Each structure stands twice: as C-alpha cells, then as structure tokens.
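Participant: If you want the building blocks of each chain, they are given just below.
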Amino acid sequence: MSTVTNRSQSNSQINDSLKHEELHPEHYLTFLLRDEYFGISISSVKEIIEYDNVTSIPLMPDFVKGVLNLRGEVVPVIDLSIRFNKPATEVQKRTCIIIMEIPYEDQIVTLGAVVDSVCEVMEIPEKSIEAAPTFGARIRAQFILGVAHIEEHFVILLRGDRVLSIDEMASIIDKVLE
Amino acid sequence: MDMSEAKSLFFEESMGLLETMESCLLEIESGEASVESHIDAIFRAAHTIKGSAGLFGYDHIVAFTHSVESVLDKVRSRELAMDEALINLCFASQDHLTTMVRQLQDSSIELDFHAGEVLLEELNRYLDPAPEVTEVASAPVQSSENWQIDIQYGPDVFRDGMDPLSQLGFLSTLGELQQVRVVPHFKDDFDPETCYLQLFIELNSAVSKKELEDVFEFIQDSSKIQITVPVKISQQLEQQDVVDEKLGTLLVQAGAVTERELAQALHLHKTQEIALGEALVQQGVVSKDLVSTALDKQKATEHKRPADFQFLKVEAKKLDLLINLIGELVTSGAEMDSLLSQLEDDKISESFSILTSLLEQIRDGALGLRMVQIGESFSRLRRIVRDVSKELDKDINLVIDGAETELDKTMVEKLSDPLMHIVRNALDHGIEPKELRLYKGKPAQGQLKLSARHEAGSVVIEISDDGAGLNQQKIRQKAIEKGIISADRDLSEQDIFKLIFEPGFSTAAAVTNLSGRGVGMDVVRRNIEELRGQIQIFSTLDQGTTFSIRLPLTLAIIDGFLVSVANSKMVLPLNMVQECIEYHPSLQTHGRNYLDLRGEVLPFIRLRDLFKLSAVPCGRENIVVVQYGSDRAGLVVDSLHGELQAVIKPLNSMFKSLRGIGGSTILGSGDIGLILDIPQLVQFATNLEMQTCQQ
Amino acid sequence: MSVQITPKADFLVVEFGHDLTIFTVRDCYEALKKLTGMRMEKVILDLSAVNDFDSSGVQLVLWVMQQHTDKTFTLTHSENPAVSRVLQLYSLEFGSDAAAT
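Protein chains in written order, with our numbering: chain A, 873 to 1050; chain B, 10 to 704; chain C, 27 to 127.
Read the hints as simulated data drawn from the structure, not as lab findings. Since the structure is predicted, the reported quantities are computational estimates derived from the model, not experimental observations. All C-beta atoms in this analysis are idealised placements derived from N, C-alpha and C, irrespective of residue type, glycine included. None of the hints are false.
The calculated DSBU-like cross-link candidates involving lysine-lysine, where the alpha carbons are at most 30 Å apart (straight line), are: (1) Lys327/B / Lys665/B; (2) Lys958/A / Lys665/B; (3) Lys658/B / Lys918/A; (4) Lys1047/A / Lys423/B; (5) Lys327/B / Lys918/A; (6) Lys403/B / Lys443/B; (7) Lys326/B / Lys918/A; (8) Lys1047/A / Lys621/B; (9) Lys423/B / Lys327/B; (10) Lys399/B / Lys458/B; (11) Lys578/B / Lys918/A; (12) Lys665/B / Lys918/A; (13) Lys965/A / Lys578/B; (14) Lys507/B / Lys1047/A; (15) Lys326/B / Lys891/A.
Ranges of calculated distance between the beta carbons of each label pair, as one might list FRET restraints: (16) Leu334/B / Ser1000/A: 46 to 54 Å; (17) Gly178/B / Glu105/C: 14 to 22 Å; (18) Ser915/A / Asp497/B: 51 to 59 Å.
Derived contacts from chain C toward chain B, CB cut-off under 10 Å, selection only: (19) Thr47; (20) Val51; (21) Val84; (22) Val112.
Could you put the whole structure together from the sequences, leaning on the hints where they help?
Facilitator: Dropping the structure here:
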C-alpha cells in the first residue's frame, strides 16, 4: 500500500481518476485537516477545486464559509476543520474545496468542504477498516465510518451524509440566528 | 409511447376529467348553472374515462363508469331529473371513481369495494328494472355487418409459423365467412417456403373492428391487413351524438377506425405532415367518404368549442430548461450591457437596447408560461366547503374574488394544503352554527370569502369569514396553560393571534377529524414561510376573522437593483425600490433610525449593522427607499450599482432560517449577489429592535 | 418419398405423402419439378394420404397448377377430412382449376 504522504496527486489527476473510477465502494479520497488524515468515499465526491472566491453569507456560524459559483450553480462551502472542533482552516496555496454530492430527501445536493490539502484516491478494503475508537475522538462518533491504519498513519474515514447533513447544519444555523 | 407513459397520461387525463365533473356538479347544485348546460360535459367526462380505461383493461373502472354513464345518459335525454338525491349520488360516484383512478398510481390506497357495490346498486336502480349487462367493449355494439378483409401476407409467414389457416379458422368462429379468395402472387424464383398469398375475405359478423384486428395481431408487423368498414358505419357517424371530438376520436367512436390504426395514422401525420384524414385514407383504413363525413361533423362542433379548451400539455421539465436558458440569456445580456456602456457608441447601444427589449419580452413570455391562475386552487376548495357545510349542518356561502390572479405554478401547488387547512378551520371553528348566528343577530348563512390580488410585487391571498372571530383572552390563556408564553408576557393583538401558529396549540375543545390530519396551524405557517411568504391574522370578536397571506412573486428571473454593503453585493427587487437618496448622519432624528422624508417619517435600517458586516463604511452611504405592501422603509447601503436582471438561484435548504435573504444570483462578473427579501428583512429588523428594547 | 409421380396411360398421378406442410414443401417442390418434362396433359393431384396439410402446402398445390399452363389438373382427396377442411376454408373447389387468377 502506498504511503499516504508521499503520493499526493495533483487536483487534476484526482479529478480524472474520479471520473474514470467505477464507483468502487472501497475507494476513498484522503485529505488533511491540520495534521490529521481523513478519508471519504469517492461515491460522494464530484470534484476538487482550488479555494477561490467564496462569497460569505451574513450572520452564519463560522463553519459556513459561504457560497461559491460552480459553473452557474450556487454551492454552499463548509469549513470541515471547524465542523470537527478544530481551529478554522487557514487559506493557503494547497487549500482545496472538495465538491461533494450528498443525498437529501429525494434529491442530490451539491456542497463544498474546505480542507487543508488533498492527498489521493486510494483503495481501502473493508477488512482494513476498524470501528472508531471510543476514546480520544474529538470528532463526534456519528461522523465516523471507521478508522484505517495505513502505513504509519491513522486515516479517519468519514460519513459524508452525516458530516454534511443539511438538517443538522440547518438546525445549528437556526439556533445561532435566534 | 411506452406503457407507463400511456398510463400516466391516462391518470392525468382522468383526474382532469373528474375535476371537471366535480365543478360542473357543484355549479348545478348551487344553482349557478342549469343541468342542461353541464350535463353534456359530465357525461362526456364519464364516457371518455370509460373508453380509456377499457384500453388499459381497467375493468373495474370500466364497469363502474358504465353505470354512471348510463345514468347520466338518462339525465341527458331528460328521462331522469337531477334531484338532490341523484346529485348526491353523482358526487359519491365521482369520489369513488377518483379513488379508483388514484389507486392506479398509488397502490397503498385502499379501495372500498363494498362502498362501490352499494353505489352501483343505487345507480342501477335509476336504470331499467332489468339492468343492462355491463359492456366492456370500447366500440359501440353493431348489428351484423359484412366486413371486407384484405390481407397481403408477408413472405415469412409460413416460416414464422403464422399459418393463415388459423386466422381463417378463428374468423369462422366470429361470424360467417361469406367469401374467401386466395390470390397467389408467385414470382419466377418461387420458393415453396415463402408465402406469396393474398387473401380477400368477406365476413359477416357482429364483432367490432378491434376484435377483428386482434385476430391478426401476430402478423401485423409482417403483413399488410386492411379491414374495411361497411357502409352502415358512415351512417352511424352522421348520427353520432357527440360534440367537441377530434376527427380521430370521432372515427374511433363510430367503429370506423381502431385505436391502433389511429395511432399509426397519427404517426404518419406527424412525421410526414399530412392531414390525419389523408393519412387514414392512405393507409386504406377508411374510405375518403367516411373521412369527409367525420370532418364535416368535426367542423360543426369546432365553433362550439369554448376558447379556454385550447390548451397544450407541456412537460414541466422542458419549461424549466427553457427558462434556465432564458436566464443565461439574461445574464449574458447583462454582461454585454456593461461592456457596451464602456464603448460609448450610440448606434451599438441603441441597437442593443432593442435587443434587450425583445429579450425582456421573451423572458416575460416564458415566465408567464409558468404562471397559473389561483382560481384552480380556489375551485378545489369549493368541494370541501360544500362537503363540510353539509356535514356540520351549517349554511355557508363561498365567495371567490380574484380567481384570475396568477401565481407561479410551483407556489400554487404548495399553497393548496395551507389554504385547505385555513378554510377547514374557518368552517369548523370560525363560522358559528345557525342557531348561534341567529341569536347573535347575524344572518343564518355564513359568508366565507377567498380572494387574491397583486400588490406591489407580491400576491396577497385572503380567507375571510364573518364568524365568531378570535378570542384573544382564550388564546392567551391557552398559550399560558400550554407553557408557550409566560403569564406576565405583554403581547400586542397581532402577537396573540400569532400564538395559534405555535406548535401544539389548539383552542378547539375537540380536534375534529376535519381540521387537518393531526397537523396544526404551525405547519401552515411553515409552508407559507417556505414559500418565502408571510401570514397575518386580523380578527374582531363576533364579527369575523381574516387570514392574509402575502407571497412574493417568486419568478425565476427578477428585475433587481444592485447595491453593495461592505464586501457583499446585494440585490433588491426593483419593483419595491422607490427612490435613492444620499445618507447623511444628520438625517437621523433623535438618535433613532428615522428620517424625515419630505415631511414623512421614514424608518431606516442599516444593512451593515443588521447583517453584522464590517463596521467601517468606506465612503458615502446611500439610502434606498423601498415599499412593500402599504409600508415603506429606507435601507442604508454603501454604493448603488443600478438595475440588473437576476436569475434567482435559491439558497440551499440549510439556510432556511436566514431572514431577509431570499435567494442568490450570479452577477455578470461571476460573483454571487444576495437577493434580499424586503418584508422579511424589515420584520427581522423590527424583531431585533424589540428584543434590544426589552433588554 | 413426399411425392410420388406415377405415369398412367394418358395421365399422371401425383400422390402426395402424409405430410404436406412447411416442413416438407421443399422436398415436394423438388420432386414436382419433374412434371415440367413430362408430356402428359392430364394430371391428378391425389391428396388422399395427406394427414397434415397447411397453407404452404396449399400454396404449393396452387403453384403447381398455375405453373403448368399446358396441363389440366384434378384435385382429389377421397373425403380426407384434413384436406377438405383446409380447402373449404380457402373456398377452393377442387376438380376445377383452382381459384388462382
């Protein structure tokens, strides 16, 4: 298995592989938030773009960075670090937005998640995935699909539909606005 | 067209016909219209449903509709009078039919077969003592006729195992084979396994053309079959007592043409652009004479067709695509506009403004396609008012005003539930029972009024009753009991009324099964809010209550006015913008947010503060004076950027709690602008101020 | 054999076998080709032995009759029910030149 750190692919390489890869349930896109590795199933991932031109929405809680124009579609952008109770992402050269498609009610909704950098698309067989540890997980258990041990790193695999749950985010916003 | 498309079409068509039936019945019952004027339409509705159902083999619907149709036929021929009992029976039958049709699309709906049978019995009692045998044939019964059948067999018929003998054999069971002529068309390169036969058959039979066609079902693709109509049918066509039928339907109904032949001819008609009658003749399906007879018949009924039946069914998706495209055109135009203004070329600018004006017309036209009259929604409520009034034994007169007011189609759909709920509420709790009304000195008949109108860029829908009105004390008490408010809370009249929208609130002693399926007024408010609308209540004790719903004309594209506030670009609906004035801090009076506008007090809101954007103004500020409904306010912004056309892109559902912003748009520069919802914004600002005052 | 052609004094007897259907018409056709060369003018088509008779068989018979304009044909089947039923359906009077135009 390749080293997670060494084989960082470029965005365009990743975007290509997202297009061509059959939706294998065992393929994950790995990325970094600060110094922690995360992964998400590529079935939710549409593409990766650079962080650019995000229009902020007034009065929103911090994790809502705003919205961006994705070829004519207005897509909300979420700061995953804040979602996971980390400090806000500092926008740098490698900062990216992962554009995801999440089912909601009977539609598919497009959302963007800001991450510090994106690593690669890799195959993580089910048997390599362990249940989330009950201790030390600063991130809410319901966000986590499991943990994989790859080379020397722990990769926390996320549940896209929970991390970017429209209902949950709406209710947080609701409380903040009250 | 595949089966499922055809079935959907049947469903939609039948539901439409059932609605027509219902409104006609309602008008007859209320005395608005005479039986004579509507009975044809009601009969036709039943007849068409029966015919179409027959095509799909929905036998239960056919059987039921057949009885309904027979009874209606008797009313049509004046053998039966449409008295109260019969009208009620018609309503009940229409209900049952509606359930049967609905059940086709939603198998979870339970069909009450027993109820259906009871209805059938009652219907049959109106018919002859010796009731007719239920007929399932889709064509009228004929006496024996001499049919001419001409079959040119395809070459592979033998190899395919389709022996003409089996067809002949079957035909002989359907009637009498008067004559059979077999004409071989041999070629020099004769192949014994290839079929070169042509058959001319004369069959005396009482069966329908469709049944004859079915005999040759399996060789339809390989062979050419022509079944010609005997002369008698053309006579029948002349006598056909139907109005408002298209040529094809007329011929089918007369038994001259089968549905399949019609479909083939229609295909020819569309792909080769020949007239339908021509296509039918070309296919050898009917004789020219028959077609002209039918055409004459059709012409005779054309002029009677009322103007409002000339509608087209259009797929909603196609319309949305079109509107999207137009939206792109509009954005593109905006970009062009800004580029051109830099050029400062008069001729080009003028030419472009002509183009823009044409674009606007197309835009308005396309958007207009999405608009439907609210009258449709109101009409559906008529039935509910009727049923509930009967059930509660209340005499209620429904008045509808402004039915032609147009709304975006999606809004109308989402409105039907809230409207129904409010109406039920008025019927149930609003209007008092007769005795109580008389005691109060009111007329025994209660008035319920539904109205709709356009007002300053919004649609206002009102439901008023002259009933008991809302009792502020009772509401307040109930809210305290339910813990919704504390006992010492001081509330205005509006606020008290608004309490009924709180979840879990109900002043009725008994929650009747009429007032919603366990949902309350809170759902009504939520639905209205989801439409970015507002609902207000006006009420006077013992006099009545009015629910007033204000909705934005949420078009896909709006004319907007672009401003910037701090780093944000915001768009205000142009129709609400009255004027712009420069803002000076000196304009503030008494340190509060009011200013003196030509003698009038104008409250203003600093958007920078409201939206908590960066605190440092960069230069001059401006006030945009807006009007919404009967209210005015000033919005303090930074720069003004002029008019634009904006394609509204709704914000993701997660932003639904956001007050004051109704959507977003992509500006010519590619940036995103936020579209302001003015009434919501003002409400938001007002609430905030109240909160700060209380603290 | 599917077809037996027996020359008699001044006529030909063509006897068809049990099966005169799509499965056998080709063989029969081949066999019947011989007729062309034969000089007899009268031909008896004997279908008495036919048990299975279908439209391709009928067609073949019709073809034979139409093909040889120099000959006269007589159809016989000795009240064979299978044959007579088929011929009745097709309104083909046997004994005369068939319904061929």
